[in-house]
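Trainee: Here the protein sequences line up with chains A and B, keeping their order. Okay, so the first sequence: first residue is 1 according to this note's numbering, each after it adds one. Okay, so the second sequence: first residue is 1 according to this note's numbering, each after it adds one.
Where hints are given, some of them may not hold.
Stated by the list, open to error - Residues from chain B that face chain A, not an exhaustive set, calculated with beta carbons under 7 Å:
1) Gly37
2) Leu40
3) Glu54
4) Phe65
5) Asp114
6) Arg117
7) Arg141
8) Val144
9) His188
Quick caveat, the hints were computed from the structure, so don't treat them as lab data. No residue lacks a Cβ here, since even glycine has one placed at the ideal position from N, Cα and C.
Here are the chains, one letter per residue:
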Amino acid sequence: MNIMPRSVRQRIRSIMFRLPLMITCAEFEDFIISYLDGSLSPGQRRVFELHLAVCRECRNYLAAYRSAMSVTRDVLDAQTADTLADVPEDLVSAVLAARSQQKRK
Amino acid sequence: MKLPESSDPAPVTEQKPHAMIRQDKAVTEQFVRANLGWMLAVAKRIVKDSASAEDVVQDAFSNVFKNLETFRGDAALKTWMHRIVVNQALMALRRQRRRNEQPIDELLPEFDRDGCRIDEPSMLSDIARTPEAMLLSADRRQQVLASIERLPDSYRVVLMLRDIEELTTSEVAEMTGLSEANVKVRLHRARAALKKLLSPLFEGAGL
Ligand SMILES: [Zn+2]
Numbered sequence: 001m002n003i004m005p006r007s008v009r010q011r012i013r014s015i016m017f018r019l020p021l022m023i024t025c026a027e028f029e030d031f032i033i034s035y036l037d038g039s040l041s042p043g044q045r046r047v048f049e050l051h052l053a054v055c056r057e058c059r060n061y062l063a064a065y066r067s068a069m070s071v072t073r074d075v076l077d078a079q080t081a082d083t084l085a086d087v088p089e090d091l092v093s094a095v096l097a098a099r100s101q102q103k104r105k
Numbered sequence: 001m002k003l004p005e006s007s008d009p010a011p012v013t014e015q016k017p018h019a020m021i022r023q024d025k026a027v028t029e030q031f032v033r034a035n036l037g038w039m040l041a042v043a044k045r046i047v048k049d050s051a052s053a054e055d056v057v058q059d060a061f062s063n064v065f066k067n068l069e070t071f072r073g074d075a076a077l078k079t080w081m082h083r084i085v086v087n088q089a090l091m092a093l094r095r096q097r098r099r100n101e102q103p104i105d106e107l108l109p110e111f112d113r114d115g116c117r118i119d120e121p122s123m124l125s126d127i128a129r130t131p132e133a134m135l136l137s138a139d140r141r142q143q144v145l146a147s148i149e150r151l152p153d154s155y156r157v158v159l160m161l162r163d164i165e166e167l168t169t170s171e172v173a174e175m176t177g178l179s180e181a182n183v184k185v186r187l188h189r190a191r192a193a194l195k196k197l198l199s200p201l202f203e204g205a206g207l
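Please construct the entire structure, taking both the sequences and the accompanying hints into account.
Mentor: Next comes the structure, spelled out in structure tokens:
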């Protein structure tokens, strides 16, 4: 897909990121958390989205970052469902026994 | 008794006055059964190991029963109990001996001298666009869980509390003793590291 060698692309990007309203990928990285929690100012947001529009590396990166978040959530939700489906009886008994002890004191 | 599959795992607590949970044996048992599952799931996510998670739940219930008397109901009961179990789990984690942890630095994104990202494209990027792909196999789920466990505790915990327990930045700061700025930095690094750890799992053949 990509005819240009990586080094040439990198050079073009590094020049482009020095243009007005442009940030580097490293600066973009620092904005991600605020972008995702919606706390960027409208101006910062425009700058962030401009970088996103011109930088394929960051576009792929952000998509993978978000996928990692959603996969993590899905897997932990599934783990919760497993735990709910199979609550250990001995733990229920232990909690109730401790409760009776506590009340007697 | 089997727990209802409903979205509200603790219907009993919303209806019964706290006095009944305190005094009536049957209600106590119902209360314990309705809440033990989700509390255990929270504890497991934080302390990782099942045996310690069970200890955490025991301690959390003992704490809940002790303080039900003073519980004012200005916070929802479940929210209050959630905080108790999280705090109890954090305490247990602090007591655990840290095993050799992989430094997070090796898992963080890399940039060249000009601040350009150096990153291999990852199949993970495409997952968000294919919702049915979310039906992960049991094997794949195990691999994802193992990757999460590879994160250093101090980062993993922040990720759990923010992204999974859905606590706010200031709540997490208060519970962990970190500054809010530090909570944000750790959350971002934990997510970035996890992205790096999960990427190889999703290369090549489907899910
Ligand atoms: Zn970039």
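Trainee: Which hints from the list above does the structure break, by number from lowest to highest?
Mentor: none
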